[in-house]
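Asks: Here are the chains, one letter per residue:
Protein chains: 2
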Amino acid sequence: MRLMSLDPAIAARLKHDPQGLVAAVIQQYDTLEVLMVGWMDDEALSRTLTSGRTVFWSRSRREYWRKGDTSGHVQWVRSVAIDCDGDTLLVQVDQVGAACHTGSRTCFEAGGDLGAVVGGPV
Amino acid sequence: MRLMSLDPAIAARLKHDPQGLVAAVIQQYDTLEVLMVGWMDDEALSRTLTSGRTVFWSRSRREYWRKGDTSGHVQWVRSVAIDCDGDTLLVQVDQVGAACHTGSRTCFEAGGDLGAVVGGPV
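Chains as they are written, first to last, in the numbering used here: chain E, 1 to 122; chain S, 1 to 122.
Hints are computed from structural coordinates only; laboratory data are not their basis. For every residue, glycine included, the Cβ atom is placed at its ideal position computed from N, Cα and C. Fair warning: there could be bad hints in the mix.
Per label pair, the in silico range of CB-to-CB distance [what the hints assert, rightly or not]:
hint, chain 1, residue 1, chain 2, residue 2, range
1, E, V118, S, K15, 25 to 31 Å
2, E, P8, S, G86, 16 to 22 Å
3, E, R13, S, T31, 25 to 31 Å
4, S, W65, E, G72, 40 to 46 Å
5, E, R66, S, S104, 39 to 45 Å
6, E, D113, S, Q19, 24 to 30 Å
7, S, R13, E, Y64, 25 to 31 Å
8, S, D7, E, G120, 19 to 25 Å
9, E, Y29, S, S60, 19 to 25 Å
10, E, A11, S, H16, 37 to 43 Å
11, E, T70, S, H101, 23 to 29 Å
12, E, D7, S, T50, 41 to 47 Å
13, S, R66, E, G72, 42 to 48 Å
Short, incomplete list of chain E residues facing chain S, as computed with Cβ under 10 Å [stated by the list, open to error]:
hint, residue
14, D17
15, M36
16, G52
17, R59
18, S60
19, H73
20, I82
21, C84
22, L90
23, G97
24, C100
25, D113
Facing chain S, according to a computed beta carbon distance under 7 Å, are these residues of chain E, among others [stated by the list, open to error]:
hint, residue
26, L14
27, R53
28, W76
29, V80
30, D83
31, C107
32, G120
Only chain E is shown next, with the shape it has when bound in the complex (with noise of 0.2 Å):
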């Protein structure tokens, strides 16, 4: 598959984890509910600025991924940004059915509470 190349002004900005990796955290652009979180290379970023469709690294099976090219829930760009210091990603999409590989519609459902005691102000 042909490589392409990242914008290199962008490329400058990010920083990669020891892996080469930053965080995508993948956001559904009305609802604002937070779907997934997936890792990119700039490879995989440079796919997902100019395809209109995320495209992840596989941590565990060391491939890239176009979401939904198995599942068919598609998730249409709709805006990138990345944070201060270069290391995240904030990826709003229209997500096609369910983020999850469970079905269920977020990963955080999926996973479930882990019980936190609530803070608030004294």
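Fit chain S to the supplied structure of chain E, relying on the hints for placement.
Replies: Then chain S, alone, in the frame of chain E:
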């Protein structure tokens, strides 16, 4: 400082990266803005679950930091969820002031938009 041990049932569900960390997406509980992403090891997660405030591991400074101790911009914890494969947390908080050290409300406002091509069904 006293180390707290994370509930073993929760620890068993976490899939850490090679640095022993999981990504924690921090979301304002009512507006659903994604404020920032931080990193937690078991100790930081334990403190976050039990103290009502977010505690992170700083990868650059290699130390724990409790959000707001320096800035006053405390994050009061509302809920913590784990994702389907245990490598990401979604922490809903009530953010006091700005989440970003730049003074912006979110770290993604501070970083800015990358100009993605917008996708959609053909």
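Asks: Against each hint, give a clear statement of whether it holds in the structure.
Replies: For each hint, the structure was consulted:
{"no.": "1", "hint": "E/V118 / S/K15: 25 to 31 Å", "verdict": "holds, 26 Å"}
{"no.": "2", "hint": "E/P8 / S/G86: 16 to 22 Å", "verdict": "violated, 36 Å"}
{"no.": "3", "hint": "E/R13 / S/T31: 25 to 31 Å", "verdict": "holds, 26 Å"}
{"no.": "4", "hint": "S/W65 / E/G72: 40 to 46 Å", "verdict": "holds, 42 Å"}
{"no.": "5", "hint": "E/R66 / S/S104: 39 to 45 Å", "verdict": "violated, 32 Å"}
{"no.": "6", "hint": "E/D113 / S/Q19: 24 to 30 Å", "verdict": "holds, 26 Å"}
{"no.": "7", "hint": "S/R13 / E/Y64: 25 to 31 Å", "verdict": "holds, 27 Å"}
{"no.": "8", "hint": "S/D7 / E/G120: 19 to 25 Å", "verdict": "holds, 22 Å"}
{"no.": "9", "hint": "E/Y29 / S/S60: 19 to 25 Å", "verdict": "violated, 31 Å"}
{"no.": "10", "hint": "E/A11 / S/H16: 37 to 43 Å", "verdict": "violated, 27 Å"}
{"no.": "11", "hint": "E/T70 / S/H101: 23 to 29 Å", "verdict": "violated, 40 Å"}
{"no.": "12", "hint": "E/D7 / S/T50: 41 to 47 Å", "verdict": "holds, 44 Å"}
{"no.": "13", "hint": "S/R66 / E/G72: 42 to 48 Å", "verdict": "holds, 43 Å"}
{"no.": "14", "hint": "D17", "verdict": "holds, 7 Å"}
{"no.": "15", "hint": "M36", "verdict": "holds, 7 Å"}
{"no.": "16", "hint": "G52", "verdict": "holds, 2 Å"}
{"no.": "17", "hint": "R59", "verdict": "holds, 8 Å"}
{"no.": "18", "hint": "S60", "verdict": "holds, 9 Å"}
{"no.": "19", "hint": "H73", "verdict": "violated, 13 Å"}
{"no.": "20", "hint": "I82", "verdict": "holds, 4 Å"}
{"no.": "21", "hint": "C84", "verdict": "holds, 4 Å"}
{"no.": "22", "hint": "L90", "verdict": "holds, 4 Å"}
{"no.": "23", "hint": "G97", "verdict": "violated, 13 Å"}
{"no.": "24", "hint": "C100", "verdict": "holds, 5 Å"}
{"no.": "25", "hint": "D113", "verdict": "holds, 5 Å"}
{"no.": "26", "hint": "L14", "verdict": "violated, 10 Å"}
{"no.": "27", "hint": "R53", "verdict": "holds, 5 Å"}
{"no.": "28", "hint": "W76", "verdict": "holds, 4 Å"}
{"no.": "29", "hint": "V80", "verdict": "holds, 4 Å"}
{"no.": "30", "hint": "D83", "verdict": "holds, 4 Å"}
{"no.": "31", "hint": "C107", "verdict": "holds, 4 Å"}
{"no.": "32", "hint": "G120", "verdict": "holds, 5 Å"}
The structure is inconsistent with the numbered hints 2, 5, 9, 10, 11, 19, 23 and 26, although it conforms to all the rest.
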